[in-house]
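Novice: Below, each chain spelled out in residue letters.
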Amino acid sequence: MNYIHKDLAESGRWHEMSLSEQLGNVGSDVDRIISWRKKENESYATNAFYRALDLLDLTISDKRWHGPKLKELCRLREVLCDSFFGGELYNTPLEYFSKYFYQFALVARKNS
Amino acid sequence: MGEARSQNERLECALSSAVERWSPKPNVVGSIPTGREFQIFLLAKMSEINLVNRSITLKELKDIASLGFGDMVKAVVDVEKRIMAIGGSMHADEEKFLLEQGASQDDLWGINIYPDSQEENRIEFDSMINVRPRQNNRSRGVESIELQKKIIEIVDLLIKE
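Protein sequence lines correspond, in order, to chains A and B.
Residue numbers 8 to 119, in my numbering, belong to the letters of the first sequence in order.
Residue numbers 14 to 174, in my numbering, belong to the letters of the second sequence in order.
Honestly, the hints are just simulated from the structure, not real lab data.
Each residue gets a CB set at the ideal place from its N, CA and C atoms; glycine is no exception.
Take these hints with a grain of salt, some might be off.
[Said to hold, decoys possible] Straight-line Cα separation of at most 20 Å, SDA-like style, residue types lysine to any residue; simulated pairs:
no.	chain 1	residue 1	chain 2	residue 2
1	A	Lys76	B	Ala116
2	A	Lys106	A	Asp89
3	A	Lys70	B	Gln118
[What the hints assert, rightly or not] Simulated DEER-style distance windows between Cβ atoms:
no.	chain 1	residue 1	chain 2	residue 2	range
4	A	Lys45	B	Glu61	23 to 31 Å
5	B	Ser130	A	Gly19	39 to 47 Å
6	A	Glu17	B	Glu113	19 to 27 Å
7	B	Ser102	A	His73	33 to 41 Å
Could you build the full structure based on these sequences and the hints that come with them?
Specialist: This is the structure in structure tokens:
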């Protein structure tokens with residue numbers, strides 16, 4: 008597996024985090040996509056998108072979520088991709104994901 | 014109107030095929046749904062995600078298409094295990110289904126199958142789950158021609174005319 012976040016993947020650190028911590032971190036990169044798009048820097052926005060996908064794939068590979076949660080995670084990935092490319096299929100703006108992930112970040116902080 | 018009738022005819026045809034396919038056998042224990050309830054049961058059954066690990070006929074694919082997107086069926090192919098999942102409303106649902114069967118995400122590729130099309134146009138490489146930069150696939154398509162060939166080969170083996 009050729010992850011961008013090799014250290015997190017290989018050390019197993021990502022898989023020690025709670026789901027809220029994982030998704031809260033994915034949300035940080037989603038926020039960066041929005042922020043770089045506002046600054047009209049598509050190259051940086053794309054890099055942030057790739058990092059978000061990378062973290063989301065690490066989350067999807069986490070066997071702890073291979074139950075009912077996996078469906079939401081896989082759907083989340085598909086709709087996020089659509090959203091990045093213009094949201095033609097599911098009509099969901101990136102800003103929606105910002106709110107979605109923020110809730111997880113809040114929970115992660117509450118538990119820490 | 015003509016198009017709508019044709020759509021209804023396709024639905025009727027798919028439902029009757031589903032009745033044949035899913036009618037409870039004599040040895041099935043449990044209550045048998047009837048009337049409208051039975052139709053809903055059939056629709057739910059037909060929109061379930063199916064694992065294709067041996068073969069599926071074009072007719073079955075057409076039935077599934079009729080009850081879903083009309084002309085096409087979404088599928089996710091596992092190029093390592095040489096199987097596919099079909100019938101989901103989203104590729105993500107089929108991806109999840111195969112992951113739970115022990116697949117590796119790197120081996121899963123989303124396609125659309127058009128059962129009414131000629132063989133050369135039957136497969137469309139277009140799915141959001143294919144966006145996988147860490148595998149150098151940065152679009153919804155399958156960018157590697159080699160991989161496309163492999164997917165076509167697997168799908169051709171799994172679909173019977």
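Novice: With reference to the structure, classify each hint as holding or not holding.
Specialist: Evaluation of the provided hints:
1. A hinted pair counts as satisfied when its Cα atoms are at most 20 Å apart, and Lys76 (chain A) with Ala116 (chain B) qualifies at roughly 17 Å.
2. Between Lys106 (chain A) and Asp89 (chain A) the CA atoms are separated by roughly 17 Å; this keeps the pair inside 20 Å, and the hint holds.
3. Proximity of Lys70 (chain A) to Gln118 (chain B) is assessed by CA-CA distance (about 12 Å); at most 20 Å being required, the pair is judged to hold.
4. Between Lys45 (chain A) and Glu61 (chain B) the CB atoms are about 43 Å apart, so this pair departs from the stated range of 23 to 31 Å.
5. The hinted window of 39 to 47 Å between Ser130 (chain B) and Gly19 (chain A) holds, with their beta carbons roughly 46 Å apart.
6. The beta-carbon spacing between Glu17 (chain A) and Glu113 (chain B), approximately 24 Å, falls within the hinted interval of 19 to 27 Å.
7. For the pair Ser102 (chain B) and His73 (chain A), the supplied restraint of 33 to 41 Å is violated, since their beta-carbon distance comes to about 21 Å.
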